[in-house]
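Build the full structure now, drawing on both the sequences and the hints.
Position 45 (the sequence shown) corresponds to 45 in our numbering; numbering is contiguous.
Some clues are possibly wrong.
The calculated label-pair distances, taken between Cβ atoms and stated as ranges, are [unchecked claim]:
hint, residue 1, residue 2, range
1, GLY40, ARG98, 26 to 36 Å
2, VAL50, ARG138, 30 to 40 Å
3, SER73, ARG101, 11 to 21 Å
4, ARG138, ILE39, 31 to 41 Å
5, GLU16, ASP99, 13 to 23 Å
6, LEU128, PRO34, 29 to 39 Å
7, ARG139, VAL50, 32 to 42 Å
8, ASN74, ARG101, 33 to 43 Å
9, PRO26, ARG139, 31 to 41 Å
No lab work stands behind these hints, which were simulated from the structure alone.
Backbone N, C-alpha and C fix where the C-beta goes; we use that ideal spot for every residue, glycine too.
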Amino acid sequence: RVRRKELEAAPAYEIEVSVMIVEPDPRIRGALLPALASIGCRVVAFASPVQAEPHVRHEGYNVLVARAAVIESNPHWRGLALGAVPLGAIAIAADGDRDVRVRAAYLGARGVFEPPFEAERVAAEFRLALAIMRDEMRRRSTVPAPPK
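Here it is, written out as structure tokens:
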């Protein structure tokens, strides 16, 4: 029993975090990109889903950061938010979009970046969302013990 508890408490594996930001506003991209890179993420930013689409499948990104409207606009992006990207998605709230938290949760996003996009705040919100994503991934990967 002790050994099983130790295994459950230990992280299953460490994951290198590769983030794809899809955001048309260069000011928001410019704020998010260095904030996420400063905490050790590999980050690439695109201005539109059309530019980003070819890179999603081939580059191995495991976190998608985009506005809820961008995620909603394309069935493939909705699939990414709901788990096709190994860790998940985070929505960007911009332009005074108040219902973005509800829409983001419905789309499967694990967190929301809201203005102001200050580096410390972005890093803190990202770490919280990442902890949620990793916890969900661990739960999905755990194999239950065989019945006695």
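We went through each hint and held it up to the structure:
no., hint, verdict
1, GLY40 to ARG98: 26 to 36 Å, "holds, 32 Å"
2, VAL50 to ARG138: 30 to 40 Å, "holds, 34 Å"
3, SER73 to ARG101: 11 to 21 Å, "holds, 19 Å"
4, ARG138 to ILE39: 31 to 41 Å, "violated, 20 Å"
5, GLU16 to ASP99: 13 to 23 Å, "violated, 33 Å"
6, LEU128 to PRO34: 29 to 39 Å, "violated, 19 Å"
7, ARG139 to VAL50: 32 to 42 Å, "holds, 34 Å"
8, ASN74 to ARG101: 33 to 43 Å, "violated, 21 Å"
9, PRO26 to ARG139: 31 to 41 Å, "holds, 37 Å"
Figure legend: structure checked against the earlier numbered hints; hints not met, in rising order: 4, 5, 6, 8.
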